[in-house]
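From just these sequences and the hints, can you work out the full model?
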Amino acid sequence: MNTTPTSPDLVRRLLAAQFPQWAGLGVEAVGVVGTANAVYRVGGGLSVRLPLGEGAARDVGKERRWLPVIGAAVPVGVPEAVAVGVPGEGFPWPWAVHTWLDGESPVPGRLADPAGVAADLAGFVLALRGIDAEGAPPAYRSEALADRDGETRRAAAQVRDAVDPEVVAGVWSAALAAEPHPGPPVWLHSDLQPGNLLLTGGRLTGVIDFGCLGVGDPAVDLIPAWYVLPAAVRPLFREAVGADGAAWARARGWALSVALMELAAYRTANPRMASIAAHVLGGISAEHPGR
2 MNTTPTSPDL VRRLLAAQFP QWAGLGVEAV GVVGTANAVY RVGGGLSVRL PLGEGAARDV
62 GKERRWLPVI GAAVPVGVPE AVAVGVPGEG FPWPWAVHTW LDGESPVPGR LADPAGVAAD
122 LAGFVLALRG IDAEGAPPAY RSEALADRDG ETRRAAAQVR DAVDPEVVAG VWSAALAAEP
182 HPGPPVWLHS DLQPGNLLLT GGRLTGVIDF GCLGVGDPAV DLIPAWYVLP AAVRPLFREA
242 VGADGAAWAR ARGWALSVAL MELAAYRTAN PRMASIAAHV LGGISAEHPG R
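Start counting the sequence shown at 2; every next residue gets the next number (the numbering used here).
Treat the hints as calculated values from the structure; they're not laboratory data.
Everything numeric in this text was worked out from a predicted model, so none of it was measured.
For glycine and all other residues, C-beta sits at the position ideal for the given N, C-alpha and C.
Hints may be right or wrong, so weigh each one.
[Said to hold, decoys possible] What follows is a list of derived Cβ distance ranges for each label pair:
{"#": "1", "residue 1": "E81", "residue 2": "A24", "range": "35 to 43 Å"}
{"#": "2", "residue 1": "G131", "residue 2": "A17", "range": "39 to 47 Å"}
{"#": "3", "residue 1": "G243", "residue 2": "L177", "range": "38 to 46 Å"}
{"#": "4", "residue 1": "G243", "residue 2": "G171", "range": "24 to 32 Å"}
{"#": "5", "residue 1": "E29", "residue 2": "A178", "range": "46 to 54 Å"}
{"#": "6", "residue 1": "P21", "residue 2": "P139", "range": "51 to 59 Å"}
{"#": "7", "residue 1": "T100", "residue 2": "T269", "range": "29 to 37 Å"}
{"#": "8", "residue 1": "T100", "residue 2": "D148", "range": "33 to 41 Å"}
{"#": "9", "residue 1": "P9", "residue 2": "A113", "range": "44 to 52 Å"}
{"#": "10", "residue 1": "D103", "residue 2": "D245", "range": "33 to 41 Å"}
{"#": "11", "residue 1": "P76", "residue 2": "P138", "range": "20 to 28 Å"}
{"#": "12", "residue 1": "G91", "residue 2": "A233", "range": "48 to 56 Å"}
{"#": "13", "residue 1": "A113", "residue 2": "L177", "range": "32 to 40 Å"}
Shown next as structure tokens:
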């Protein structure tokens, strides 16, 4: 992905040129660097999202169109798309101003109320899944698992020293063999990872970064079972979302595939994401029947 340098000064100049009503507010870079957008807090209640490449830039309009629909239907906070900026000040892409949501991202393995978070996640997933999908775009992860086979196996080979190849092969084979989703595609966030979830008082209060939003296999949005939740409450989450054996196998396959690719891509470039991916792979390995 091509990236464009960003900075608080760039944000100030963009605001001054296009949205002068916010030009006097403080601008602060958000500590965690994303892979698709650079995010800056503006004042106390706004955020500016600067796409880091053409793909993320295409998501700006999608979020503007669909965030009001999603926000009205789900039981947790969702950013509001306040304004969309145009290229300028040397920045080549459209960009967005959203409302700021307070909260802290969960740390895998350190949840104060795991069962509560499992219930909250299930409530969000089910509410999102229930929204009318007419006219919805395909999700970022809308392809079949089989379409990811080559990439997944290549990533597994690249991180062979960090995973159990037999576990990876077994879990992936089971996912590919699982029956496909029997119904029409449903709304998905598509990237329910720790960095996109916000907790307050130990419970889920917000979900952010809807750039991957769209419709697809509901199993995709079950990946927080491994990305966020400890093993002890995964059955609670599974029961709450009504996942049968095939859906759960596909969900585990999605978590495996995404984590393998992230570990392969970010081992040196993004240690935080690599650490989360390793945590996911460790959790999948620990619950494998052969272990």
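Outcome of the hint check:
Range check, E81 to A24: Cβ separation about 20 Å, and the 35 to 43 Å hint is violated. For G131 paired with A17, a C-beta distance near 42 Å keeps the hint of 39 to 47 Å intact. One distance hint, 38 to 46 Å for the beta-carbon pair G243 and L177, is violated here, with the actual separation near 22 Å. Taking 24 to 32 Å as the suggested C-beta distance range, the pair G243 and G171 conforms, at roughly 25 Å.
With their beta carbons about 48 Å apart, E29 and A178 fall inside the hinted range of 46 to 54 Å. Taking 51 to 59 Å as the suggested C-beta distance range, the pair P21 and P139 does not conform, at roughly 37 Å. Range check, T100 to T269: about 34 Å between beta-carbon atoms, so the 29 to 37 Å window is met. Against the hinted window of 33 to 41 Å, the Cβ-Cβ separation of T100 and D148 comes to about 35 Å, which satisfies the hint.
Under the hint 44 to 52 Å, the C-beta atoms of P9 and A113, about 33 Å apart, miss the expected range. Taking the beta carbon of each, D103 and D245 are about 37 Å apart, inside 33 to 41 Å as hinted. Range check, P76 to P138: Cβ separation about 23 Å, and the 20 to 28 Å hint holds. As the Cβ distance of G91 to A233 is approximately 50 Å, the hint placing it in 48 to 56 Å holds.
About 37 Å separates the C-beta atoms of A113 and L177, a value consistent with the hinted range of 32 to 40 Å.
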